[in-house]
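Asker: Knowing the structure of chain A, use the given hints to seat chain B on it.
Each chain is listed here by its residues.
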Amino acid sequence: MARVVVVTSGKGGVGKTTTSAAIAMGLAKRGHKTAVIDFDVGLRNLDLIMGCERRVVYDFVNVINGEANLNQALIRDKNCNQLYILPASQTRDKDALSLEGVGRVLEELSKEFKYIVCDSPAGIERGAYLAMYYADDALVVTNPEVSSVRDSDRMLGILASKSRRAELAMDPIKEYLLLTRYDPSRVDSGEMLSLEDVQEILSLHLLGIIPESKSVLTASNAGVPVILDEKSDAGQAYADVVARYLGEKRPHRFIESKKGFLRKLFGGK
Amino acid sequence: MDGSQSPVLELKSSTFFAPVLVLYSNEVHLIAEKLRQKISGAPDFFNNSAILFDLTELNNKGMQIDIEILASMLRGLHLFPIGIRGGNDAQQKQAWTLSIPVDSGRSNGSVLLETQSKPDIQPEAPVEIIKEVFRAQATLVTQPVRSGQRIYANGDLVILAQVSAGAEIMAEGNIHVYNTLRGRALAGVQGDTAARLFCLDLQAELISIAGIYKTSEDLKDAVKKKPVQVFLQEQALIIVQLD
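If you read the protein sequences in the order shown, they are chains A and B. Under numbering that gives the first Met the number 0, residue 268 is the last one in the first sequence; the count climbs by one each step, no gaps. Under numbering that gives the first Met the number 0, residue 242 is the last one in the second sequence; the count climbs by one each step, no gaps.
Bound conformation, chain A alone (with noise of 0.2 Å):
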C-alpha cells in the first residue's frame, strides 16, 4: 500500500511544484519506486520542473476518463527510472476531475508504488481539495510571510476537516511544515517572519527550510528538480527533508544567516 504525500499551501507561488518534484526524486533516488502526478489541471507545470514536457502523451484526465490506461500515461524519469510522472491536462479544467475517477487512480497507483506524491494547485478550491482527499501525509509549504502563513493556516482546517482520513474518523493526516524561500539576512532585518514568529502560529512539525536560492531558478528553467543540484543549498536542504520524511534525524540548517555565522564566528554581535 502506497503512500500518499500531498504537498499544499493555500497560496500561489510558494513552491509546491519545485517541492513536490524535489520530495519525489529523493525518494525514488533512495530506491523507493515514486510517482508524482500533476493536480494542477490546466495550468500544467511539473512535467517543465521534471523536464518530460515533450514527452507528454496522455494525461490525468485521459486516464480519469478512461481514454488511456495508466502506464500509457506515466513518464518515467529521464534521470531517475524508480520516478515517475503523472502530467496535468493543459486543455481542461478542474472540473475534469472527480473524485472518484482520482480514488480510482490513486488505488491503481498503489499497488505498484510505495509513494504517491500529488502536486496541489493552489486555492481551497476543487484541484486543492481532490488533491488532498486521498492523502495520508502533507507537506505544508509556505513563505516566512503573514498571508502565506494565514493561507497555510486555512488550508490546515481543511486537511483536519475535509479529508477522507477526517470523514471516515481515521487517524488524522499527519502534517509537516516545510518553509521555503527562508532568507534569514531578511528575517534578521525585521522583512520577513523568522521560523520561530511562523511555528508560534501554525504549530506544525517542522519538516525543513529552504532557504532562497538561485539555484532553484535555475534548476526550474533546466527542468532537473533542484535536489539533483546537490552542491547547492536548496537542494541539499531538500535532501535533509526527503532523509527527515524518511524518519532520519538530522539538525536544522540554513535558519541563520551567514552574515551572522561570519559574526559569531569574529567574536562580533
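Everything labelled a hint here was simulated from the structure, so no lab data went into it. Model, not experiment: these values are computed from the prediction. All C-beta atoms, glycine included, are put in the ideal place defined by N, C-alpha and C. Certain hints may be false.
Cβ pair distances, simulated, as ranges [claimed, not checked]:
| # | chain 1 | residue 1 | chain 2 | residue 2 | range |
| --- | --- | --- | --- | --- | --- |
| 1 | A | L167 | B | T141 | 14 to 24 Å |
| 2 | B | T141 | A | R252 | 29 to 39 Å |
| 3 | B | R74 | A | Q71 | 50 to 60 Å |
| 4 | B | E233 | A | G41 | 57 to 67 Å |
| 5 | B | E32 | A | G11 | 51 to 61 Å |
Answerer: For chain B alone, coordinates are given in the frame of chain A:
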C-alpha cells in the same frame, strides 16, 4: 481508497438568528410604514433577511389580521417570512397554505392542526430533543481550530489547542481556551449574559458575550497576550487578568 464513499448529504442541528416582528397593531399599512422606517436605518441588515412574525399580542386583544396580506407586505419589503408564532388555528392554517412554518415556541391555543399539517410538524420534534440533550454537555476540542473553521457548542466549549486568526468559536454557554486565542470567540450567543470567556493568551480578533463585543482594536495592551477571563457587568465587557 474507495472513491464511492463520498457522502451525498449530512443532517446537522444548527441555530441561526432571525428578527422576530412582534405586532401590536393589525393595520397592515401602519405596520408597513413603521417597518420601512426601521429598515431605512439599517438597510444592509434587513435586506433579504428572514423574519418571524409574532401574533401573540394581537390574539390576546382579539384583533384579527390577514396572514396572506401581511406576508405579501413583508415580501414587498424584501423580507422573507419564515415563521409564525402565537397565531390561532385559522391563522396557522393560513400560514401552512402559504408555506410558512408554525413556530410552536410561544403560541397560545392549540398548535397541532388536525389534518395534513401533522406530519409537517413532526420533523420539528426530534430537532428540539437533540438540542436539549446536548445543551448541558460541554464540547471538548483537542485539535487546533484553524483559520476558516467554525465551531458551535450548544453548551460550554472547552478548547485545548490554539484558535487561529480567522477561526470562529461560538458557544451558548462559557468558552474556555487553554491555549492562544487569535480568532473570534463568542460566548452566550443565545443571550446568556452570565456566560464567561477564559483563555490563556488573549490575542483575539473579537470577543463577545451575549452579543456585546470588543474587537482587537478595543483591547488594552495590559490584557493583550495575557491569561484572562471576560464577563459582562452592566452591559459592559470586563476583561480581567487571571493570576
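Asker: For every hint, state whether the structure bears it out.
Answerer: Hints, verified against the model:
no.: 1; hint: A:L167 x B:T141: 14 to 24 Å; in the structure: 19 Å, holds
no.: 2; hint: B:T141 x A:R252: 29 to 39 Å; in the structure: 33 Å, holds
no.: 3; hint: B:R74 x A:Q71: 50 to 60 Å; in the structure: 58 Å, holds
no.: 4; hint: B:E233 x A:G41: 57 to 67 Å; in the structure: 58 Å, holds
no.: 5; hint: B:E32 x A:G11: 51 to 61 Å; in the structure: 53 Å, holds
Hint violations for this structure: none, all hints satisfied.
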